[in-house]
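Undergrad: Here's the letter readout for the chains.
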Amino acid sequence: MEQPPRPPRQRREPEVPEAPVALDERGTALSALIRDVLKEFEVEVGAAVDEVVVTVKPEDVSAICRIAKDDPSLDFKYLRCLSVVDYIETLEVNYHLFSLDKRHKAVLKASVPTEEPHVPSVISVWRGADWFEREGHDLFGVVFDGHPNLTPLLLYEGFEGFPGRKSFPFHEYDEW
Amino acid sequence: MQVQQQARTADTIDLMINMGPQHPSTHGVFRVVIWVDGERIVKAEPHIGYLHRGSEKLCEGELYSQVITLFDRLDYVANLNCELAFCLAVEKLMALEVPDRASYIRVILCELNRIASHMLFYGVYGLDVGAMTPILYGFRERERIQGLFESVTGARMMHNFIRVGGVKEDLRDDFEPRMAVLLEELKQGIEECDDLLSQNEMFLARTKGIGTIGPTEAIDFGVTGPSLRASGVLEDVRISEPYSIYERFDFGVPVGTYGDCWDRYYVRVEEMRQSLKIIEQAMAQMEPGPVAANVRRIARPPKGEVYVRTESPRGDFGVFLVSDGSDKPYRLKVRAPSFANLQALQYLLRDAYVADAVVILGSIDIILGEVDR
Amino acid sequence: MTVVQGIYYALGALALFVFLSFMVLVLTWVERKALARIQMRMGPMRVGFHGTLQPLADAMKLVLKEDILPSWADRRVYWLAPLAVFIPSLLLWAVIPVGRDLVLANLELGLFYIVAISVLTVMGLLMAGWGSANKYAMLGGLRAAGQLVSYEIPFIMAILAVAMLVQSLNLETIVDGQRNFAYILVQPLGLFIFLTAGLAELGRTPFDIHHAESELVGGPFIEYSGAHWAVFFLAEYINTFTIGALTVLLFLGGWRWPAMPFDGFAHSTLSVIWFLAKTYAVILFIFWIRGTYPRLRIDQLMAFGWKLLVPLSFVNIVITGIVLFYGWPLWTLTLISLVLLGATFYAISRHQGTRLERMTVTVHSFRGTRSEPPVVQPQPEAALED
Amino acid sequence: MDITQGRGNTPAESIFERVLPNAVTAKSSELFAHARKSSLWTLSFGLACCAIEMMSTHMSHHDLDRFGVVTWPSPRQADVMIVAGTVVKKMADPIKLLYEQMPDPKWVIAMGSCATNGGPYYRSYSVVMGVDHLIPVDVYVPGCPPRPEALMYGIMQLQEKILKDAKERGATSQAS
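Residue numbers (this note's numbering), protein chains in the order written: chain A, 1 to 176; chain B, 1 to 373; chain C, 1 to 386; chain D, 1 to 176.
Simulated from the structure, these hints should not be mistaken for lab results.
A few of these clues could be false.
Partial pick of chain B residues on the chain D-facing surface, computed with a CB cut under 7 Å [stated by the list, open to error]:
#: 1; residue: TYR50
#: 2; residue: HIS52
#: 3; residue: GLY54
#: 4; residue: LEU58
#: 5; residue: ARG73
#: 6; residue: TYR76
#: 7; residue: GLU143
#: 8; residue: GLY369
Built from N, CA and C at the ideal position, the CB exists for glycine as well.
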């Protein structure tokens, strides 16, 4: 019993609402401050929900992070999180920063092409970035230039592919 | 120091010892390779990933309501705290108002879970330093808390109780009397546990001044939670970036001095008392009302991204949620506190004895489920 | 030696072996039950009445288990090690009287023999550590060697002080010497040294650094399985029993004190029971310590041994000698001993624990959001340097 | 002379059996089985979430010691391996090794749905779909995680299995 293939259903693209921006006072002050401190670099300051988003060029990441940590008015001593998001054509590396003294927060974003993802390592700025970068290399194949030891952390030697990426088969099942 | 230098110049080689993945005190399947010179550690190299289950990837294929099950199993000692972090992230994205009663229930359960988690730490830490009884006292308290959890959520560990927009269902009628009994028992139990171990001479000898880390280094390594507070930094997400309804409670934040193993241990013991305080206040303030906001069964948060920090028993538990407007998260990154805390291990293990390695590892209280995810 | 004597000794040795094996079985049951009581548990319940047959089941299972020889092991050393541990522990009992006249060989140099034989255990542990070709086992073996050799000195010295009081090395004479008062009343310091050093000799908590289950996963015995492991187990429990028995004989008046109003056969029987009861009391005390205390680290253990117990044991000998030489009444010895014991406990609480202050955690209270920046307390580095 | 004897599961007669045929030996094998079932020492080996419940089962409230079950840290002294938690591909080899290191006779309990078939991590790229792909399993305990009572029931089932094996195989009882 072979069923005839169904014609692809025509569907209206659903309207996707955007999350509203709700920056508090601290956030607005910070976005002005960041524009001021990072004026030598080509940065784009925006906002997502309640965080200041700073989009930077991948090659500037290391220098900007250094400034962000050492500048007394920014004072991002604490790297909350380092994550990689796969947007098919590009991989976006996110640095979530937080200042324990001033209690303001920001996200640094750098987009790199999926074919050749290279970002300078920030391990010299925050030592805590070490394993986060290794994880990013493991799961997404982002090469963090300058990282002393980019060996597999979560996966084992000889694992094929980058399982975090969208192109990796989702429910890949093989009998073990 | 000089003696050590001389010893190093002698013609010896360091002995490599592999601890783990199966070792009674690696707290799961953690592996650390240490090189020792006699009984002193020269170098240590942690290896993780023996419990990497691909949760983050699996989350991308689940509905928002289903993701909670996977979050339960991340930090499997503090399940409710993980659930809360995820639900807060989704709610923030959807700009949802959570009913008051639901928030109170969440806080009460999360603080109970914090006590349960610290009780596990207390017991296992006793085992690490070689005392075999504390673990049984710790688990006695845990068992009591789990009994209450069971009556509320229906499960001992994997609750799946905190949902987007509220909680699954209202508390049962017998909750308040049970809670009153439990609070009394816990108060007594915590004091008993404290008496049993904290000021024991041998315990002090084993943990005081061992594995110290200063505030600057701790922040640099991304150490958070009790381990950071033990180094003398007053940083608690519940205070510095209050989430849910934590700003309504009056509670203390214990802070250590030296950042050694004993401080890390005692900060946790003290935190249990403070959690009890929060629970008492919450019980007094809670009023009847709805327990869930009006959310569609299949939640579709708007497009956007959000990062939420919560204070889990192990530290700053962050959830980075990227949504593309569909019913499944586009990307979910979990910032696990144990993962970051564990990075400091190499630093902590410098110049320690082999026996101290176990004590230091125990004091940062890792849960492999969230380290490897 | 005649044939009859030979048969007598052989039968005696066999009886002793059976007795000791039985005692070990009882001991394991008592330990599990006692620990269970401390830990609010029941302990073994299913095998026999209240788990009384549990040790038997364990023993039978262990003997039936596969014996594994690790491929890299040093064969001969590996197989000989259990015997090297077990035989000395058995030999010790040749001179230990279980009750009045109940002793295999009533040696004049009984204590000397005990001291000489008890040192041999180190060899077996080292052999086990080396033969297993396992790094944990090796570390455990070396730890055991260091620990046992260092604690041998206070152990012997504590025995010596008792021998000085009686002017004899014969165990029966020592017990007879306690017909009026047990030596615990004269030598409380000696008892403390003896029991502490004895615990270290046994490798029991808080001195179990060579087993150290949370670090070394069982130390020298890590690779042994089945019957060979059972032999180690047997030896360990026989040793525990030995220390308990020696404590009773040397300090608690053996089967004598307080005296019993019987003679003849009734006295002999009751003396054995009385002796065993005392021994089990001491052993329960040892188990109690096991259930309570954490483990010491190797350097702390060595420091405790060499800096405290060894000098203390010498002082003990000297004061005993002075009191005996000048013929002072014995209660002066009690007094001096008690004062020294008090001083020791004071010194331990001052120095063994920690140089840092005891409470270093402070609680900062808040209501709602914190407005000021986080407190970063300066770390007092000077206190840590030492 | 029966040619089938001395092969595979039916080893040749021992002298003991020749001298005292059947009556005593059959009973003795059952006696041994009783001994084995009453002293199941487990390998303390927790992988993930189920390890916490396994520990709970050992603690005062449930107290596995009542059945003579105690944990040993070294595989050499263990009889039962309770695989409590998700088995990851990276962990596969260590598990096999641990199983090999245990002396015969040995048993395996797969605790929880992860160890049984992958559980909630079914078809994840790094998870083994059940520990029975690696080592033979005697008892499966379902649940995520199983309650302590369930684990206790599993252990009782194992005890029954040991007895039954001894009865069925008679004199040549060799659990494997």
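Undergrad: Does each hint hold? Answer for all of them.
TA: Each hint, compared with the structure:
For TYR50(B), the shortest C-beta to C-beta distance to chain D is roughly 5 Å, which falls under 7 Å, so the interface hint holds. Checking HIS52(B) against chain D by beta carbon gives a least distance of about 5 Å; that is within 7 Å, so the hint holds. A hinted interface residue such as GLY54(B) counts as satisfied when its beta carbon comes closer than 7 Å to some beta carbon of chain D; here the least separation is about 4 Å, so the hint holds. The beta carbon of LEU58(B) comes within 6 Å of a beta carbon in chain D, closer than 7 Å, and the hint placing it at the interface holds.
Hint on ARG73(B) holds. Least Cβ distance to chain D is approximately 6 Å, under the 7 Å limit. Interface hint status for TYR76(B): upheld, as the beta-carbon distance to the closest one in chain D is roughly 4 Å, under 7 Å. Hint status for GLU143(B): holds, given a least beta-carbon distance of 4 Å to chain D, under 7 Å. Checking GLY369(B) against chain D by beta carbon gives a least distance of about 6 Å; that is within 7 Å, so the hint holds.
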